[in-house]
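Enquirer: As a plain string of letters, each chain reads:
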Amino acid sequence: DAGVTQSPTHLIKTRGQQVTLRCSPKSGHDTVSWYQQALGQGPQFIFQYYEEEERQRGNFPDRFSGHQFPNYSSELNVNALLLGDSALYLCASTSSYEQYFGPGTRLTVT
Amino acid sequence: QKEVEQDPGPLSVPEGAIVSLNCTYSNSAFQYFMWYRQYSRKGPELLMYTYSSGNKEDGRFTAQVDKSSKYISLFIRDSQPSDSATYLCAMSVSSGGSYIPTFGRGTSLIVHP
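Sequences listed follow chains C and P, in order.
To convert, note that position 61 of the first sequence is 76 in my numbering; the numbers rise steadily by one, no gaps.
To convert, note that position 26 of the second sequence is 49 in my numbering; the numbers rise steadily by one, no gaps.
Accuracy of the hints is not assured; some may be wrong.
[Claimed, not checked] Derived DSSO-like pairs: lysine-lysine, alpha-carbon spacing no greater than 30 Å straight-line:
1) P:93 with P:25
2) C:28 with P:93
3) P:65 with C:41
4) C:28 with P:79
[To be verified] Taking beta-carbon pairs under 8 Å as the criterion, some of the chain P residues facing chain C (in silico):
5) 31
6) 32
7) 33
8) 65
9) 72
10) 111
11) 121
12) 123
13) 127
14) 128
Derived from the structure by calculation, the hints contain no laboratory data.
Keep in mind that this is a model prediction, so the values were computed, not measured.
C-beta atoms are modelled at their ideal positions from N, C-alpha and C, and glycine is treated no differently.
Could you build the full structure based on these sequences and the hints that come with them?
Expert: This is the structure:
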């Protein structure tokens, strides 16, 4: 049984560009959450998708948007990248209170 | 004041030592308490989950919750070099069937042979 997968593993973007990150949840899980983890910090909740709808959102600007597909996979889009967006972006596949995290995508904005 | 406070360490111990990791929190609505382990360049991995006050044991790991003091702990017995990682505490409330955890910043643990 494949766990949570994310792509790409890492990427480098220039300030002002746009980026799309992808996530596939664990088999049978229909809820996906996205987190931003800055260096030396705990993960910060961005938003959660369930049944292709954004169910809950953390304290992140509208530059951060997402999508969930019928097969439960999900995308995170970030527009107008800032240097401060450099972080590890984690996707979590959710089953009630348990969050199963993927390996993350390391984004560097220069 | 952050909702969840956790000392970042690093905490360095010899192999075989008992490790104590702690978090305090301010939101009395938190109902679910979790500990995650995160190795370098990896995503967090759920170690322990507790709901009520008291102790929960799983192998070498014991999670302890004291809701009256808003304090949770994770104890690791007979620590091994492979336990070297960052340990994140997390806690959540139930909101419409959704459990969004609030994480501490993590404590870096180093177990040296």
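Enquirer: For each hint, tell me whether it holds in the structure or not.
Expert: Hints, one by one, checked against the model:
1. P:93 with P:25: Holds - the C-alpha atoms of residue 25 of chain P and residue 93 of chain P are around 13 Å apart, at most 30 Å.
2. C:28 with P:93: violated (41 Å)
3. P:65 with C:41: holds (17 Å)
4. C:28 with P:79: violated (44 Å)
5. 31: Result: holds, 7 Å to nearest chain C Cβ.
6. 32: Hint on residue 32 of chain P: violated, closest Cβ of chain C at ~11 Å, above 8 Å.
7. 33: Violated. Min distance 11 Å.
8. 65: holds (6 Å)
9. 72: Status holds, d = 7 Å.
10. 111: Where the cut-off is 8 Å and the nearest Cβ of chain C is about 5 Å from residue 111 of chain P, the hint holds.
11. 121: Cβ of residue 121 of chain P sits 6 Å from chain C, so the hint holds.
12. 123: holds (5 Å)
13. 127: Holds. Min distance 5 Å.
14. 128: Holds, because the Cβ-Cβ distance from residue 128 of chain P to chain C comes to roughly 5 Å (cut-off 8 Å).
The structure does not agree with the numbered hints 2, 4, 6 and 7 stated previously, though it agrees with the rest.
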